[in-house]
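**Q** Each residue of the sequence shown is one higher than the one before, counting from 1 in UniProt numbering.
Source of the hints: derived by calculation from the structure; they are not laboratory data. No false leads were mixed into what you were given.
With a Cα cut of at most 27 angstroms, we get these calculated DSSO-like pairs of lysine-lysine:
id: 1; residue 1: LYS367; residue 2: LYS422
id: 2; residue 1: LYS569; residue 2: LYS601
id: 3; residue 1: LYS532; residue 2: LYS333
id: 4; residue 1: LYS249; residue 2: LYS512
Label-pair distances were calculated between CB atoms; the ranges are:
id: 5; residue 1: SER213; residue 2: THR177; range: 14 to 24 angstroms
id: 6; residue 1: GLU360; residue 2: ALA95; range: 36 to 46 angstroms
id: 7; residue 1: SER213; residue 2: LEU39; range: 11 to 21 angstroms
id: 8; residue 1: SER392; residue 2: GLY510; range: 20 to 30 angstroms
Glycine residues also receive a C-beta, built at the ideal position from the N, C-alpha and C atoms.
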Amino acid sequence: MLNYTRQIRLFFTLSYLILFSIICLFWPYARTDGDWLHLYLFISSAIYALLYLLPALLITKLIALIAIFNRKYEKKWLSVSKNIAWILTSVIFLALYADYEIYTLYEYHFNGFVWNLIITPGGIEALGATMSTKVTIALEVIAIIILTLGLMWLCGKLASRNSITVSKRIYITLLVTLLLVAPLEEGVYAYSVYTGKDDLIRVSSVIPFHLKSSAHSFFKKMGVEQSGLKKLRLAQGKINYPLETIQTKQLATYPNIIMLVAESFRWDLLDPEITPNLWKFSQKSLTFDNHYSGGNRTRMGLLSMFYGVDAPYWYGFQQQKISPVLMNVLRDKGYQFDLHTSQSFDYPELRDTVFHNMPESVMEELKEGEPWARDHENISHIINNINGRNKSQPYYSFMFFESTHAPYAFPESMAIRKDYLKDMNYADLNLRDNIQQIHNRYINAAHTVDAEVGRLLNYLEENKLLDNTIVLFTGDHGEEFMENGHWGHGHNEMFPEQQIHVPLILSIPGTKPEHIQHKTSHIQIPATLMEKLDVTTDSDKYALAGDLNSTLPYLVAGNYNYLSVIDDKHKITFPFTSTDYFHYTVFTRDDKSVNADEKQKVIKQMQPLIDAVAEDCQRFISH
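Please construct the entire structure, taking both the sequences and the accompanying hints into account.
**A** What follows is the structure, given as structure tokens:
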């Protein structure tokens, strides 16, 4: 029993130090302006290292107690206790290491989005993880398990020789001290949330699996003055959409409509070298040079594009399975549907939203093989389906390209940037050293998408179908390559230009080509298309904005938890769900941070815009 006690004590002490060391890896991401914030981060890290380990400690101790009261099977129970200890500890190591890998790539911890990614069909595939990534992760998991087991074995050897031990007094003293300090540390955090002390809360945000404690009732009873910020929990409740029955006139003929949407396709890809077919097409079409997505996530981009509403509405529309008015009108007008994606209609959940109630026979999702090959096959199927359509009925086609999603897929023959990263191993990715080569992969993937778009456009032109077909090309959102310190898209409260500025090319029969310079957004697309269907109902009954001819006074972009209101000078961002404490983050229009004094001025100046957005996010909610 003595050797067991020494072994377990040493094992948990070393495990604690390892966990503390892993938390220290997150420290460079914390904004610690002041010695007291450094001290708080140190104390918080020390406490959380113990909290992670506490379940394993308690369960191990419980089994050891069973052994004490069951002498006949003492050895068996102690063996079980040791196995439980190293297994649970290895799980903790794995969870923390996985969180670190996620955080270094995307700067957010394991959260609801990551969990949704795991449990939603098509979610893991949507990451685009390469085989080398999967192999590396598998090897790392095995290595962590073996090393944890090895640590337990080593502690057993050291304990039996009495060469390295941890005294019971020191062990218990540290354990009790940390457990006593933990409520104080969480109390300081709760007080900071209640009073709006952003600096301490931001430091805490780097701690994995933070409890985010709150004690609003307690501080209110104690008479502590609360932060004056009013929480905005938007678009919560029963959806009332549209606000009235949609009225239309009957046209003699209706235009065909083809909507082409490319994953993570940002505005500067529209270039004569990178995308020659799209560039050529843009010269014959309406090109919106200052066009923005309604979010930096696919769900929010498509929500704004089809429904004409802001990000907070996603949850209500998805849960209540409400299809967009645009698709309902197309269905009522007898359109033939041909819907394609090179990923999945379940991730994002388009079966429950945009294409709800669409028959499976018109929905084709290709999920096997290289993304560029899937894109090619889908375009071939679209061409075949257009060719075999019922020409007495109008036709609607949707295509979602996947090639431009990380890891950015293309055949070697389409590589116009030869210096690209050959293997996108997410588990061993050095962003800062390889970002240009990663960006080159993205450019090559965009060139590949352009070739497929060109193939479809050539078919339409050769068959004179552009004379009665509206063709739209855009991106669901953009993609960043460390221009503002991030890679990819969807970084919590960050909405940099590269993640939300997308191209929009719109070819409408009878409309002269033009470059449109005023600000436009995806939320204007539904009203624009509804006009071409001769819908007479005012757009404010089914969307938050009019058509693309109108200039927006401000832009709104969102993701799963945050909303950003953007005017000509600033971006102000705030959480609209309960996953984070309510606060404002302010950046300049070109994504530079502002100081505390300027931040307060900007918040005051932009309050009318924030209020207007909050009102819009309640427009389609039953009261």
